[in-house]
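K.L.:
Okay, here's what each chain looks like letter by letter:
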Amino acid sequence: MKKKSNNEYAIVVDNVSKKFKIYYDKPNTLKERLVFWKNSKVNYHEVLKNINLQIKKGETVALIGVNGSGKSTLLKLMTKIIYPTEGVITTNGKLTSLLELGAGFHPDFTGRENIYFNASIFGLTAAEIDKRVQDIIDFSELGDYIDTPVRTYSSGMYMRLAFSVAINVDAEILLIDEILAVGDQHFQDKCFAKLEELKQSEKTIVIVSHSLDAVRKLCNRGIWIYNGEVRKDGKIDEVVDEYLKVCG
Amino acid sequence: MFKELYNYRQLLKSNVSKEIRGKYKGSFLGVLWSFVNPLLMTLVYAIVFPFILKSTQPHYVTFIVIAILPWTWFTTVISQGTNTIVVNGGIIKKVYFPREILPISIVTSGLINFLISCLIIAIFLICSGIGFSIYIIFLPIIVLIQYILLLGLIFITSAIDVYIRDAEYIIAFLVSMLFYGTPILYSSNLFPAKFSWLLKLNPLTTIIESYRNIFYYQTLPNLKELGIVFIISSIILVIGYKIFKKLEKGFAEEL
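In order, the protein sequence lines correspond to chains A and B.
Under this note's numbering, read the first sequence as residues 1 to 248, first letter to last.
Under this note's numbering, read the second sequence as residues 1 to 255, first letter to last.
Hints in this document: simulated from the structure, not taken from any laboratory.
Predicted model, so just to flag it, every value in this text is computed and none were measured.
Don't take every hint at face value.
[Unchecked claim] Reference excerpt, derived from the structure (chain A facing chain B, CB under 8 Å, subset only):
id : residue
1  : Ile22
2  : Thr29
3  : Ile81
4  : Ile82
5  : Thr85
6  : Gly93
7  : Ala103
8  : Phe117
9  : Ile121
10 : Leu124
[What the hints assert, rightly or not] The calculated DSBU-like cross-link candidates involving lysine-lysine, where the alpha carbons are at most 35 Å apart (straight line), are:
id : chain 1 : residue 1 : chain 2 : residue 2
11 : A       : Lys194    : B       : Lys3
12 : A       : Lys49     : B       : Lys93
13 : B       : Lys23     : A       : Lys49
14 : B       : Lys93     : A       : Lys31
15 : A       : Lys57     : B       : Lys23
16 : B       : Lys242    : A       : Lys57
17 : A       : Lys194    : B       : Lys93
18 : B       : Lys242    : A       : Lys49
19 : B       : Lys18     : A       : Lys80
20 : A       : Lys56     : B       : Lys245
21 : B       : Lys242    : A       : Lys94
22 : B       : Lys13     : B       : Lys242
23 : A       : Lys232    : B       : Lys242
24 : A       : Lys19     : B       : Lys3
25 : A       : Lys131    : B       : Lys93
26 : A       : Lys80     : B       : Lys246
27 : B       : Lys224    : A       : Lys131
28 : B       : Lys224    : B       : Lys3
29 : B       : Lys194    : B       : Lys249
30 : B       : Lys23     : A       : Lys190
31 : A       : Lys199    : A       : Lys235
32 : A       : Lys57     : B       : Lys249
33 : A       : Lys56     : A       : Lys31
34 : A       : Lys21     : B       : Lys249
35 : A       : Lys199    : B       : Lys13
36 : B       : Lys23     : A       : Lys56
37 : B       : Lys249    : A       : Lys194
38 : A       : Lys217    : B       : Lys93
39 : A       : Lys80     : A       : Lys94
40 : B       : Lys194    : B       : Lys13
We treat Cβ as the ideally placed atom computed from N, Cα and C, and that holds for glycine.
Please build the complete structure, drawing on both the sequences and the hints.
P.N.:
Below, the structure written as structure tokens:
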């Protein structure tokens with residue numbers, strides 16, 4: 001991670017564009033590559049166009065917009081899962097993303113083993129995980145089930161465990177993609193309270209969400225992405241109101 | 001690069017142990033299969049060659065065990081390593097972590113398996129009466145060279161396999177050809193002199209011969225050749241890492 005001179009920013013998105021190749025027939029084998037190497041139809045779909053954003057440390061930002069507007073792509077670019085076609089994204093601080101809960105869970109391993117494995121994907125050492133493992137188990141409310149294989153879990157239990165790991169890894173920047181709807185009402189409230197607590201402790205949070213009411217309560221800044229461009233960026237209430245006026 | 005890998009050392013550790021334990025999960029013998037497999041292979045060759053082909057090599061079983069175990073390390077790493085990125089596509093698309101962890105943990109788990117299987121070599125050396133010599137101190141150097149070579153190779157093959165899935169099959173074929181192009185079942189001086197340069201082109205020849213030198217012939221390995229192979233392997237590693245780094249940016253989109 002490169003350090004920028006302006007340390008007050010957690011995420012700087014500089015002139016970023018992202019194009020996806022759209023193949024009609026994706027040549028996955030050598031034969032197809034050789035036979036169709038010239039005439040494979042490739043279209044480019046420009047998902048993000050020239051995005052410029054500065055997100056300060058400690059800000060809680062909501063990315064809103066209709067389906068297919070490029071919000072999730074922007075989030076994936078910030079986590080470095082995919083890379084921009086043009087432009088640079090700089091992040092400053094330990095980053096955790098909750099794009100899809102439970103990515104990398106091994107069904108045959110127990111909940112506890114998966115905590116270790118999942119947290120290590122987020123870059124924690126064994127000693128750091130040891131310190132947090134009890135918090136994670138308590139937060140997930142799985143109790144004795146923690147020592148049974150994950151494949152026996154209900155989908156709600158699975159989600160609760162995954163969320164508990166991700167939220168307890170102590171990242172400075174948290175990127176969340178539409179996962180506020182985890183578990184039952186009780187667990188949702190608990191997640192919400194935890195996010196509120198993280199917000200108070202000066203963590204940077206970026207949320208992609210369609211639950212506008214939740215976002216209104218939690219975030220202090222809204223960014224409305226429309227057709228791959230920033231349509232409006234400002235105070236959360238203003239952005240949500242305008243978004244509802246146009247798209248609602 | 002090293003700093004980031006160091007930060008993710010826990011992931012590397014748990015991935016290596018998952019590689020070793022998870023591979024034979026559900027089978028009765030479990031991890032033991034990593035050793036039973038090459039032993040069974042040895043058994044087949046030990047039956048076939050002395051009887052049918054009238055091999056005159058003394059202690060033939062020990063002679064081939066010493067070569068088959070490093071070969072097993074090579075071939076399992078190449079076959080698992082080539083599709084490691086494709087197999088782990090699920091995580092790659094959802095979480096960021098240094099992608100080179102995946103090939104590194106494949107080579108490392110292979111290394112651990114090999115080091116344990118050196119016990120088998122030791123047993124054969126004792127039982128055949130060959131015993132040990134001081135030249136065993138060269139073992140870490142040979143192992144290191146093989147590690148570097150393997151890592152460089154699977155950096156390349158694992159990254160290419162994402163874009164061209166045929167790579168797995170082509171490489172599987174090349175590896176099975178290579179088995180006969182490497183002095184495993186025979187000694188390199190049995191190879192027709194006219195084509196011995198062909199054998200020398202294969203860096204595995206030097207590596208396998210060196211294992212044999214220190215264990216079986218109890219002599220000094222050919223240090224000049226070993227040095228050349230070390231340099232070649234290092235170049236492959238550097239180029240492989242560059243290729244991997246370049247191609248890795250498209251992994252999540254191609255998978």
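K.L.:
Quick one, is the Gly93/A hint okay against chain B at 8 Å, beta carbons?
P.N.:
violated, 13 Å
K.L.:
Hinted pair, alpha-carbon criterion (35 Å max): Lys194/A, Lys93/B. Please report holds or violated.
P.N.:
holds, 26 Å
K.L.:
Within 35 Å, alpha carbon to alpha carbon, are Lys242/B and Lys57/A?
P.N.:
holds, 34 Å
K.L.:
Within 35 Å, alpha carbon to alpha carbon, are Lys49/A and Lys93/B?
P.N.:
holds, 22 Å
K.L.:
What's the verdict on Lys18/B and Lys80/A, does the C-alpha distance respect the 35 Å limit or exceed it?
P.N.:
Cα-Cα ~25 Å, so holds.
K.L.:
When you check the alpha-carbon spacing of Lys19/A and Lys3/B, does it fall within 35 Å?
P.N.:
holds, 31 Å
K.L.:
Quickly compare the C-alpha distance for Lys224/B and Lys3/B to 35 Å and report which way the hint goes.
P.N.:
Roughly 34 Å separates the two Cα atoms, so the pair holds.
K.L.:
Please verify whether Lys23/B and Lys190/A have alpha carbons no more than 35 Å apart.
P.N.:
Not OK: Lys23/B and Lys190/A at ~38 Å, beyond 35 Å, violated.
K.L.:
Are the Cα positions of Lys242/B and Lys49/A separated by 35 Å at most?
P.N.:
Holds: Lys242/B and Lys49/A sit about 29 Å apart, inside 35 Å.
K.L.:
Please work out if Lys23/B and Lys56/A have their alpha carbons no farther apart than 35 Å.
P.N.:
With Cα atoms ~45 Å apart, Lys23/B and Lys56/A exceed 35 Å; violated.
K.L.:
Taking only the CA atoms, is the gap from Lys199/A to Lys13/B under or equal to 35 Å?
P.N.:
At roughly 33 Å apart (the allowed maximum being 35 Å), Lys13/B and Lys199/A satisfy the hint.
K.L.:
Regarding the pair Lys242/B and Lys94/A, is the alpha-carbon distance no greater than 35 Å?
P.N.:
holds, 25 Å
Hint compliance for this structure: hints 1, 5, 6, 13, 15, 23, 27, 29, 30, 33, 36 and 40 are not met, and every other hint is.
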